[in-house]
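There are 2 protein chains.
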Amino acid sequence: MKVKIDGETREVRTLWMEGQKIRLIDQRRLPHRFEITTLENHKETAKAIKNMVMRGAGAIGVAGGYGIAQAALEAQHMSVKGFETYLFEAAERLRKTRPTAANLFHAIDRCMEASISGSVHERVRAIISEADSVAEDDLSASRRIGEYGCDLIDDGFRILTHCNAGALAFIDYGTALSPIRFAHMRGKQVFVFVDETRPRCQGARLTAWELEQEGIPYAVIVDNAAGYYMRQGEIDMVIVGADRVAANGDVANKIGTYEKAVVAKENRIPFYVAAPRMTFDLSCRNGDFIEIEERDPEEVRSMWGLNEEGKPSKVLISEEKTNIRNPAFDVTPAEFISGFITEVGILRPPYSDSIYEAFGSKEG
Amino acid sequence: MKVKIDGETREVRTLWMEGQKIRLIDQRRLPHRFEITTLENHKETAKAIKNMVMRGAGAIGVAGGYGIAQAALEAQHMSVKGFETYLFEAAERLRKTRPTAANLFHAIDRCMEASISGSVHERVRAIISEADSVAEDDLSASRRIGEYGCDLIDDGFRILTHCNAGALAFIDYGTALSPIRFAHMRGKQVFVFVDETRPRCQGARLTAWELEQEGIPYAVIVDNAAGYYMRQGEIDMVIVGADRVAANGDVANKIGTYEKAVVAKENRIPFYVAAPRMTFDLSCRNGDFIEIEERDPEEVRSMWGLNEEGKPSKVLISEEKTNIRNPAFDVTPAEFISGFITEVGILRPPYSDSIYEAFGSKEG
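Here the protein sequences line up with chains A and B, keeping their order.
Numbered according to this note's numbering, the first sequence spans residues 1 to 364.
Numbered according to this note's numbering, the second sequence spans residues 1 to 364.
Take these hints with a grain of salt, some might be off.
You can't tell identical chains apart in this list, so a pair holds if it fits in one copy or across any two.
Said to hold, decoys possible - In the SDA-like style, the derived pairs of lysine to any residue whose C-alpha atoms are separated by at most 25 Å in a straight line are:
#: 1; residue 1: Lys265; residue 2: Glu335
#: 2; residue 1: Lys50; residue 2: Gly360
#: 3; residue 1: Lys311; residue 2: Gln76
#: 4; residue 1: Lys4; residue 2: Glu320
#: 5; residue 1: Lys81; residue 2: Ile216
#: 6; residue 1: Lys188; residue 2: Glu298
#: 7; residue 1: Lys188; residue 2: Glu291
#: 8; residue 1: Lys2; residue 2: Glu320
#: 9; residue 1: Lys321; residue 2: Glu35
#: 10; residue 1: Lys4; residue 2: Asp353
By construction, these hints were calculated from the structure, which means they are not laboratory data.
Predicted model only: the values in this text are computed from it and were never measured.
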């Protein structure tokens, strides 16, 4: 992704490996501060995943894979038995950071499977290579999603997106933002309405920051205003990401996605979900089987930002005793979705067929 | 409305007159601080309306009427000519505070019309009496809305509301919250889902505070979560207020109302608008003729609250340069509305007929 640093525009990825170190954009203080942080070893990496120094399905998956690679390098002078024990413990530590993150488990499993035979030296090389593959797969899926999705975007389109399914949630490009990036690169005029996405405001903070860096025209709106612009005829298309897609096409995504989908349908606006193969869970029959996490009410009660002195600070919106409920995701039924933008092309209804056709045969 | 002060529960109105002074709840620091403020003269009252010490259609109308009464008392020892000039200037000053507030103009007009003949002493008495009538009309409309609306609420109902159309927006009871208050008073079990209502969070700050004081069970949710609870079958009914209702039943109300109405209809949840006669504008044919105010982007960019030291403070969510759009209201087409809860009963579709029947004949 493009990042303006000291007046110069550079290409930066969300995270990458340098020798034994992971380097990454610290997402906790964006958009107010852009900082590259270093994670020296797999323990620091586990901590960083837990503390959300990086977030987003793809990014934490890649970090998990690189975390295993770090552990392998840390144990490269041990005996085979010592190496195996060390690696097993590292995998456990990394798995525990975000208990619901499918991509994380998937990436860790891939790297662990690469380490089951050969000398320690061979195993270390196999693990590093597999961790790199996880990152490359993420990158190429994002890029292909951008290319396929770009064809859906006409010149002059005004597109609504929710939350951040951008480069910061993956290694680069993102999912929902990738088609928009490609459309912009290919000279199409696009304008992006960015839902601020309460409670954590990933739209206002991260998506707006990405678009600002890329020079793509946008406006942040409160989540309440999306319907207003749809009814005004000012939105041509909606693209969102996904946390999990069931076999029938029901989509779990950031809270609020369902409302946008319903109002888009009412206004006959195409509603697309951009997601790589990794996000499709064919073992999940439909949305009813997706458990919705309810998170800390503190996310709703307070807001962090820069105070008058420019320092990170938190303010209490409502009272400490105010009763709050905070579901983090919702399920959008497949009937509201015009298509899935994936790395193998656009999937159309009936989704039970098209999803199985695209990804079913690769299931274990 | 009930307010807990030093462990005791008292009945308090949003604002009232004591001699020449207006006393009122300072709404700017709620829910964190409950304070009764005094406005010594009509100039202070004008300033308080402008600075949103009180807000809400009814409350600022009543404040406008009492502001004229204050001006009359200030000028009671002047000549008729001096009195007239003083009053005219006061009315101008009060009108300028909130240029789009229909209730404000309406209340000022009523009080000014009461002052056109008789001695200065007689005029002063007539104005005070008219200002009291404005307040009493507001109060009785709210109460009757509560009584009619209460019949729509079954025991055990879970009700969604948006923004604050509560006691604080009027003199007492409110509009959307009045049926809920009456249902609670009459022993019905109710639970209220309170949209926080970005950008100004009147739901999280004011509606939650009112319900907390009354002991009515509630939960604040982010605006994004309303659809989730509707789809889960956890919401039986939606009640909102209105800023303006057109002759055909189209409703202008706080941004986000339209989205809730669309998603309620999709889930077959009754959607009611509670509003007094004053809010119906029969000269406005339909929602297309209602101009939507776009407000300061700062409302979206920043959030105020109590900082870690318990002091009122503001934090910047996104960057200063982030592009933001901030429409303050939206229009919900009449087709999404199950009924209007008014002081003369429940109005049902077709609204062009029922609204005209209820209020048309009283038009000038």
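**Report entry** Homomeric proximity label, lysine 321 with glutamate 35: Cα distance no greater than 25 Å
**Finding:** Only across copies: lysine 321 and glutamate 35 sit 19 Å apart there, 36 Å inside one copy, limit 25 Å.
Requested in this report: State whether the alpha carbon distance between lysine 81 and isoleucine 216 is at most 25 Å within one copy, between copies, both, or neither.
Outcome: Neither: 53 Å inside a chain and 62 Å across chains, both beyond 25 Å.
Requested in this report: Up to 25 Å between alpha-carbons, please classify lysine 50 paired with glycine 360: within, between, both or neither.
Outcome: For lysine 50 and glycine 360, neither the intra-copy (32 Å) nor the inter-copy (62 Å) Cα distance is at most 25 Å.
Query raised in the report: Is it within, between, both, or neither for lysine 2 and glutamate 320, if the alpha carbons may be no more than 25 Å apart?
Result: between (41 Å within a copy, 20 Å between copies)
Query raised in the report: Is it within, between, both or neither when you check lysine 188 against glutamate 298 at 25 Å Cα-Cα?
Result: neither (41 Å within a copy, 30 Å between copies)
Query - Up to 25 Å CA-CA - glutamate 320 versus lysine 4, copy category - result: Result: close only across copies, 16 Å inter versus 39 Å intra.
Report task. Please work out whether the CA atoms of lysine 311 and glutamine 76 approach to 25 Å or closer within one copy, between two copies, in both situations, or in neither? Result -> neither (42 Å within a copy, 54 Å between copies)
Query raised in the report: How do lysine 4 and aspartate 353 come out at 25 Å by Cα distance, when the copy is not named: within, between, both, or neither?
Result: neither (44 Å within a copy, 60 Å between copies)
Query - Intra/inter-copy verdict for lysine 265 and glutamate 335 if alpha-carbon distance must be at most 25 Å - result: Cα proximity of lysine 265 and glutamate 335: in one copy and across copies (9 Å, 16 Å).
Query - Within, between, both or neither: lysine 188, glutamate 291 at alpha-carbon 25 Å - result: neither (39 Å within a copy, 32 Å between copies)
Of the numbered hints given earlier, the model fails hints 2, 3, 5, 6, 7 and 10; all others are met.
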